[in-house]
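Undergrad: Residue numbers (the numbering used here), protein chains in the order written: chain R, -5 to 193; chain D, -5 to 193.
Do not take every clue at face value.
No copy labels: a pair is met if it fits in one copy or bridges any two.
[Unchecked claim] Pairs of lysine-lysine, BS3-like flavour, derived with a Cα cap of 30 Å:
no., residue 1, residue 2
1, Lys44, Lys24
2, Lys46, Lys24
3, Lys3, Lys44
4, Lys(-1), Lys125
5, Lys119, Lys46
6, Lys24, Lys125
7, Lys46, Lys3
8, Lys13, Lys46
Note that these hints are calculated values from the structure, not bench results.
Note that this is a predicted model, so its numbers are computed, not measured.
Given next are the chains, with one letter for each unit.
Number of protein chains: 2
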Amino acid sequence: MSREKTPEKRQRILAAALKVFAQRGFFNAKVSEVAREAQVADGTIYLYFKNKDDLLINLFEDRMEFLIRRLHEEMEREGGSALGRIRRMILAHLRIAEEWPDLAEFITVELRQSAKFVKEYENPKFMEYLKVLRDLIEEGQRDGSVRADLDARAVARAMFGALDEQLLALTLTGRARAQEVPRAAEQLGDLFCAGIQPR
Amino acid sequence: MSREKTPEKRQRILAAALKVFAQRGFFNAKVSEVAREAQVADGTIYLYFKNKDDLLINLFEDRMEFLIRRLHEEMEREGGSALGRIRRMILAHLRIAEEWPDLAEFITVELRQSAKFVKEYENPKFMEYLKVLRDLIEEGQRDGSVRADLDARAVARAMFGALDEQLLALTLTGRARAQEVPRAAEQLGDLFCAGIQPR
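Chain R with its partners taken away, still in its complex shape:
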């Protein structure tokens, strides 16, 4: 029985927590259920995380880091105009419902639950995710493809809200079917690109 901490075991606990939170909801989930799912002793969890709230925040940060990394990769691969990359980002966000349904549930449902006790927590990873969008809007404002009179921060927040609501809808109405995601992304892309372009 090894008692030393390993990154692998930490990841196993986080993966188990994601599954248990998605199935049972954060407030109903018990640390012992996460331990059982991760096949570790209850006490092992507390070697890595102070309590259930700490586990939630660490899970959130870990998964946001993953999503931010993926987003930067997609943006790099896409290249081209800011508007094209905004469309790509919309698609990438909605595809979470298809690719990682538990993660989609976690960020659309559990994240709001945490908003309550996370009020003091600055949520830097969420801000970083928003910033990808804000940077694209500001880039478009510099090259003239996005209206200069818009507040890039407010637009990024509004777009995130629309994406989050759409991801929630895809998540709650059973799990997303493959053909729904590109269509929803196209509609949102049309709506927002028309909304932010100069007349």
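Position chain D relative to chain R; hints supplied.
TA: Below, chain D without anything else, positioned relative to chain R:
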């Protein structure tokens, strides 16, 4: 001590629940705290509501009915074009942060918490609220002020998401200051009206 049920006492319990849920969060709030706030005996709550979940759903439906009624009144007073009424609706939604901060917190934070156990619940009041927006978009599509190729249901949902996120931002960053709301509403109105108008 009157044991009969009255609409006034029911309203008093709902008002107390809104306050307690906003302060303590739904999951942490206890029925006994709601009873204390409403100045009724603990058992009295159960004359009106089966349990805490039932209280949450009834509170939500009651407040959504109020918001839908107010929205219809505002739409009637505003009159004019569909786009003008969409702008008015955006302002009305964000003004909740200013006028009823506890209610803003309830619909942006607690509602998502309930999404978990409300999955089987169809949420007819939320659908009715969304439908006000959808009807405006469809009206605009009929009179040519809104692009016909947009899916009105998806656009309504996206707009609600943006509004909800903005209301959450106004709620979480301390309570909304009077000057922020009209500015945020104007930005969102510009963004969406440009997004849905024909080129």
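Undergrad: Give me the numbers of the hints this structure contradicts, sorted from smallest to largest.
TA: 4 and 6
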